[in-house]
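Peer 1: Residue strings, one per chain:
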Amino acid sequence: MDFRWSIIQGYAPLFVKGFFMTLQVAVISIIIGTILGLFLGMLRLAEVKQGPWKWPFRVVKGLAGFYVAFFRGTPLFVQILLIHFAVMPVLIHQDNGLLISGELARTIKQDYGAFISGIVALSLNAGAYISEIFRAGIQSIDRGQTYAASSLGMGYKATMRYVVLPQAFRRMLPPLGNEAITLLKDSSLVSAIGLAELAYAARTVAGAYSRYWEPYITISVVYFAMTMCLATLVGRLEKKYAAPHHR
Amino acid sequence: MKKILSRYLPLCTLALGLIAVGACSKKEEAPAASAAAKQSLYVVGVESAYAPFSAENEKKEVVGFDIDVMKAIAAKTGIEVKFIPTPFEGFFNFLAQGDRDLLISAITITDERKQTVDFSTPYFEASQLIAVPQSNTSVKQFSDLKTLKIGVQSATTGDEVVQNLVGKNNPSIKRFDSTPLALKELEGGGVDAVVADDAVVKNYITNNPSASFRVVSDAGFPKEYYGIAVRKGNTELLNKINRGLADIKADGSFTKINEKYFGNAK
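Chains as they are written, first to last, in UniProt numbering: chain A, 1 to 247; chain B, 1 to 266.
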């Protein structure tokens, strides 16, 4: 097999820019997704048993449940296309955008359109999965802990913050790391909407030369290095927060 | 229940394994057998998002100008063809690896492509077309696109000419999986212009009158010719195709297909 690395060299700037784009998209989506997931996970566990907020709260909870079901139940690729080609044009459009319209909308769409759509799709998707991780983590903490906390006179907030979440976090770390790695890899799907990230660079080269080994091996190595770094990072965190007898 | 399961589990695993092995070996036999039986069924790769040349209809059949031409050739030469929708990226690889015998999908004959595949005689003349929003009045020729964001379908001639205009690493090129997606992006305002094959752009405009695009043609775009691709060195098949193409051009059925899709203009 003859490898023609020279064809990669011609497109080197595209790969370098693509690398940073992938990194940016993944990091931002992981951060937004985690915040969203924490918020949603807590929301889905919380209960309002009486008072005027009982019914509105149930509706919100139902919506959150539907959101999680939808984003877990449809392919990410479809979500990306849906958000970019259907949802975004409604919200941001130069003629009649619901959120932003006019010249500003044009600038945003042209310079950051695919970037924003990609991050929105990835964050929403990750948020759905992460909310389940949070829910499972919190539910895995024995009820006795909550009872003990309330017998000490702690309220819901304090119980969550000082008793339940710290313990749950330790158990949530491995699946969270897993989700981050998945998200980093799945960011390659965003190339479908024309965002110039790593997979896009490889696709461009493959299209121009009809050669597949060189571009795809190149990005495989880069993705692999990135996920390895992430795995090491998660591993360190896990060690730091490990239960005392596991140290 | 548990006992039954544990007793039969190894058996089940074995059965599954056998099925898997059987499935694999069957796959390997197929090409050899058909090659031995003096091939008459040819697998044709088509990109199915390239109306009016090739597209999938509601019944999941591929239809279009290319399909009709191919069918007419097949009927004339007495070969059987089977159309398989194939993504345009890596199109020629399918041919090289033997997954497809023929490719027809508005493929422009270029010198680069001639290095990897053999082309039939041209069957269609096309050129690139620029689509811009109606509101844009400043674009009059191709070079006016230099400072704009341009959408293309990756790996097409449009991609190539735009790369030549603004440089291959220029971030203002945005590549999409298909020309309709690029045009959809133009509709949404994500790009300023799209460069693609003329007939495909015109077809999109016909089907999406609300898009309000203006088309600009540039005499500077080289004339292009579409050809049917076969594996390099497969002269026997190539000759058959060329003969068939000449026949349908001679007996007028090619003109009929042409009129069906493009009117009397061409």
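Because the hints were derived from the structure by calculation, they are not lab data. All of these numbers come straight from a predicted model, not from anything done at the bench. Ideal Cβ placement from N, Cα and C applies to all residues, glycine included. Do not rely on the hints blindly, as some may be mistaken.
[Unchecked claim] A few chain B positions that, by computed beta-carbon distances, are all more than 10 Å from chain A:
no. : residue
1   : Asn93
2   : Lys140
3   : Ala155
4   : Asp159
5   : Lys174
6   : Asn258
[Unchecked claim] Derived CB-CB ranges, DEER-like:
no. : chain 1 : residue 1 : chain 2 : residue 2 : range
7   : A       : Gly102    : B       : Ser210    : 14 to 22 Å
8   : B       : Pro209    : A       : Val87     : 19 to 27 Å
9   : A       : Phe77     : B       : Lys114    : 50 to 58 Å
10  : A       : Leu91     : B       : Asn170    : 24 to 32 Å
11  : B       : Ser138    : A       : Asp2      : 28 to 36 Å
Peer 1: Are the hints correct? Go through all of them and say.
Peer 2: Hint-by-hint comparison with the structure:
1. Asn93: 6 Å, violated
2. Lys140: 21 Å, holds
3. Ala155: At about 3 Å from chain A, Ala155 of chain B fails to clear the 10 Å cut-off, so the statement is violated.
4. Asp159: The assertion about Asp159 of chain B is violated, with a minimum of 7 Å to chain A.
5. Lys174: For Lys174 of chain B, whose nearest Cβ neighbour in chain A is about 4 Å away, the distance does not exceed 10 Å, so it is violated.
6. Asn258: 29 Å, holds
7. A:Gly102 x B:Ser210: 14 to 22 Å: 20 Å, holds
8. B:Pro209 x A:Val87: 19 to 27 Å: 23 Å, holds
9. A:Phe77 x B:Lys114: 50 to 58 Å: Distance hint for Phe77 of chain A, Lys114 of chain B is violated at roughly 34 Å.
10. A:Leu91 x B:Asn170: 24 to 32 Å: For Leu91 of chain A and Asn170 of chain B the Cβ distance comes to about 28 Å; the hint holds.
11. B:Ser138 x A:Asp2: 28 to 36 Å: 46 Å, violated
The earlier numbered hints that this structure contradicts are 1, 3, 4, 5, 9, 11.
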